[in-house]
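Protein sequence lines correspond, in order, to chains A and B. For the first sequence, the working numbering gives the first residue as 2, with consecutive numbering after it. For the second sequence, the working numbering gives the first residue as 2, with consecutive numbering after it.
In case anyone wonders, no lab produced these hints; they're calculated from the structure. Hints are supplied without guarantee of correctness; some may be wrong.
Because identical chains share one entry, a pair is satisfied inside a single copy or across any pair of copies.
To be verified - Derived DSBU-like pairs (lysine-lysine); straight-line CA-CA distance at most 35 Å:
| id | residue 1 | residue 2 |
| --- | --- | --- |
| 1 | LYS269 | LYS295 |
| 2 | LYS272 | LYS295 |
| 3 | LYS134 | LYS346 |
| 4 | LYS134 | LYS246 |
| 5 | LYS109 | LYS388 |
The primary structure of each chain is shown beneath.
2 protein chains.
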Amino acid sequence: MRPILAEVVTIGDEILYGQITDTNTQWMSTELDKIGIKTVRKSSVGDQEDKILQILAEAEGRADIILLTGGLGPTKDDITKKMLCKYFDDELVINEDALAFITDFFTKRGRPMTELNRLQAAVPSRCTYLANKTGTAPGMWFERNGKVFVSMPGVPHEMKYLMANEVIPRLKTFFETPIIYHKMIRTIGVGESFLAEKIENWEDNLPEHIKLAYLPSFGQVRLRLTAVGTDEEQLRKDVDAEIEKVLPLIGSSVFGFDNDDLEVAIGKELKKQGLTVSAAESCTGGYISHMFTKVPGSSAYFMGSVVSYDNSVKINVLGVNVETIAQHGAVSEETVTQMADGARKLMKTDFAIATSGIAGPDGGTPEKPVGTLWIACAMEGRTIARKIQMANQRDTNIQYGSVVALNLLRKMMNGDYES
Amino acid sequence: MRPILAEVVTIGDEILYGQITDTNTQWMSTELDKIGIKTVRKSSVGDQEDKILQILAEAEGRADIILLTGGLGPTKDDITKKMLCKYFDDELVINEDALAFITDFFTKRGRPMTELNRLQAAVPSRCTYLANKTGTAPGMWFERNGKVFVSMPGVPHEMKYLMANEVIPRLKTFFETPIIYHKMIRTIGVGESFLAEKIENWEDNLPEHIKLAYLPSFGQVRLRLTAVGTDEEQLRKDVDAEIEKVLPLIGSSVFGFDNDDLEVAIGKELKKQGLTVSAAESCTGGYISHMFTKVPGSSAYFMGSVVSYDNSVKINVLGVNVETIAQHGAVSEETVTQMADGARKLMKTDFAIATSGIAGPDGGTPEKPVGTLWIACAMEGRTIARKIQMANQRDTNIQYGSVVALNLLRKMMNGDYES
């Protein structure tokens with residue numbers, strides 16, 4: 002089976018000039034990868050006639066699949082449809098399905114439909130119209146000499162709708178794509194090279210059709226197993242068997258699988274065990290609370306937190322001893338321990354996490370340089386505090402400190418009080 | 002003066018297969034735009050010999066400046082340097098400045114330097130070595146037939162260091178770039194089209210050399226004025242004169258200029274007036290606190306907050322009346338008002354913001370659908386509450402709700418209690 006190659010092209014001045022961030026192409030190439038289609042190039046060009054025609058010709062020369070996004074709005078600076086007509090020597094015709102949908106779209110919203118809106122229902126006569134149920138711009142599918150061209154709107158949720166419901170299913174039919182099965186093991190607290198050493202033997206003995214990738218980020222490493230074959234059920238079994246073998250080697254660093262982020266995995270465990278948590282945040286300034294509460298349903302286990310930025314709040318709300326702060330400072334084992342204990346008592350939870358540190362970029366001293374962070378976690382009868390030393394990147398200190406604090410909670414929930 | 006054209010090329014399989022998000026190219030094209038250089042294409046290719054040579058040749062045919070990032074790591078899958086040698090028919094030689102820096106880099110960190118690390122100091126003989134003070138991969142500058150090629154590491158902070166300190170200054174010297182002066186007016190609470198109507202006359206009468214762009218995002222609109230000419234001082238004066246004219250038309254929606262985000266602008270004002278703020282967050286779950294505390298120096302005015310996710314925390318910590326919640330519910334004008342008043346009393350601040358709502362995606366009722374958010378702001382003698390109705394996107398509700406709450410604080414600080 003020869004590899005199927007794709008190019009992803011975004012059209013629009015606003016991406017070229019840096020006015021908006023392109024998140025579409027990453028998402029699209031990930032989706033293509035899942036069905037065994039390799040993205041060989043990504044490009045962005047402006048809304049100019051010659052630029053669009055040029056990239057279409059180039060991409061046709063290199064790839065089997067050309068996915069275009071953008072340039073489908075109703076205004077005259079959006080010219081992708083016109084260019085597709087020119088490229089395929091075709092003409093625009095009103096598509097009745099598209100027109101019915103657009104008419105309904107405006108009727109439902111009680112808004113008048115202009116001629117420009119009506120023209121959004123026009124597509125090149127030779128294309129297959131792909132119904133976009135999320136907006137007024139159409140999806141278009143072209144075939145020529147065994148190659149496929151698809152044009153989609155650049156609005157992310159519209160593009161995603163069309164990819165998931167129309168494009169990916171059609172690509173799987175049009176091309177003979179292999180069955181690909183991915184499974185991700187999520188680990189935290191162990192570096193990539195250290196992890197690689199631990200599982201070297203296992204990795205060397207992986208069957209030919211299973212590949213391993215290390216995806217590190219921010220104190221975490223994702224291990225992605227990818228199996229390629231023809232029988233999905235068998236691939237799943239093969240991958241599961243390998244995971245059974247590798248888990249004992251890396252056990253305590255594994256917090257979840259696939260898309261379960263750390264806060265999601267912890268939330269599931271808290272819910273399962275019927276436990277609750279609260280927080281007392283100083284240097285992380287609310288970020289831990291945000292990590293918990295951005296997860297739907299977190300109100301089942303996250304009771305609340307005190308962001309005790311000023312020492313008066315540590316003292317008056319959390320009950321930290323005035324003497325402790327005077328003697329050891331706010332950034333100390335003693336203070337962070339009392340913060341965790343105080344939050345746990347105040348909010349009557351099974352666990353409480355606390356942080357106190359110097360987030361930076363300024364404010365350090367020789368004894369406590371910028372990036373000194375104390376974290377603690379309290380439970381019935383036991384409170385553990387740890388110091389971590391970061392550098393002077395405020396954002397990183399806030400986010401990394403939050404992740405390390407959550408990981409301390411995770412370990413204590415698992416009865417691991419030492420590592 | 003003919004336009005100077007640039008292409009931005011990222012090299013690396015990890016971008017192509019969707020494993021990491023490319024934020025470099027947006028940043029780079031924004032920086033180029035500031036000095037009047039137009040990005041005409043962005044591309045990503047993998048770490049393969051033929052792909053890199055192909056894009057180099059294509060880009061040289063289209064643009065005056067070719068900026069490459071990525072593929073400069075020490076491992077064998079990073080081949081950009083080798084490809085540059087091949088493309089320019091050149092060979093790698095150890096650069097003594099680079100070697101001294103790398104040696105020092107490892108010595109300072111007490112880590113052994115391998116042969117692979119030493120080879121990072123090798124660059125093509127004909128290039129100008131651009132000193133990267135933030136890592137071990139070099140920057141490289143090539144000139145050929147009046148065109149410029151630059152190769153930089155893909156690590157964002159290393160690329161940014163090289164762009165700011167080496168590449169942009171050299172481009173301004175090498176090419177005759179126009180003087181461009183940008184000024185951004187930051188507004189909140191007024192939609193793009195409504196804003197456009199208000200300033201239509203002013204916009205129509207802008208001098209020829211000043212252009213206006215509307216950059217909307219998330220309840221905010223940035224108005225970017227761009228002046229092009231030859232005399233920077235004059236451009237600044239011309240733009241300032243136009244801003245003087247437009248401010249009275251849009252006055253109360255303007256919160257700042259240029260890169261001052263809403264939380265930064267509010268922080269400056271609080272600091273200037275010597276005022277303090279606290280928060281009581283339910284549906285925003287710590288996000289408002291995070292917005293405040295991610296700003297360096299925010300401890301001068303942000304005292305802390307209570308994330309009262311569970312009603313028990315609203316009652317026991319913030320002092321919300323049990324009866325109020327029983328009668329009106331947690332998501333109500335009465336509760337959010339008591340939360341703001343409670344936070345203000347508890348943390349002894351001049352202002353306190355509060356939020357309570359149904360962030361979703363589930364949990365709504367016919368009377369209070371998902372996306373119902375109550376926000377409040379309390380000050381001495383006055384507490385104002387407002388209801389906003391959003392949809393069922395949890396992330397958006399959290400972030401937008403936080404912005405609207407901050408804007409209520411901003412307006413009350415300005416003595417605006419009505420709008």
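* Asked: Okay, which hints does this one fail, numbers in order?
  -> Violated hints (numbers, rising): 3, 4; every other hint is consistent with the structure.
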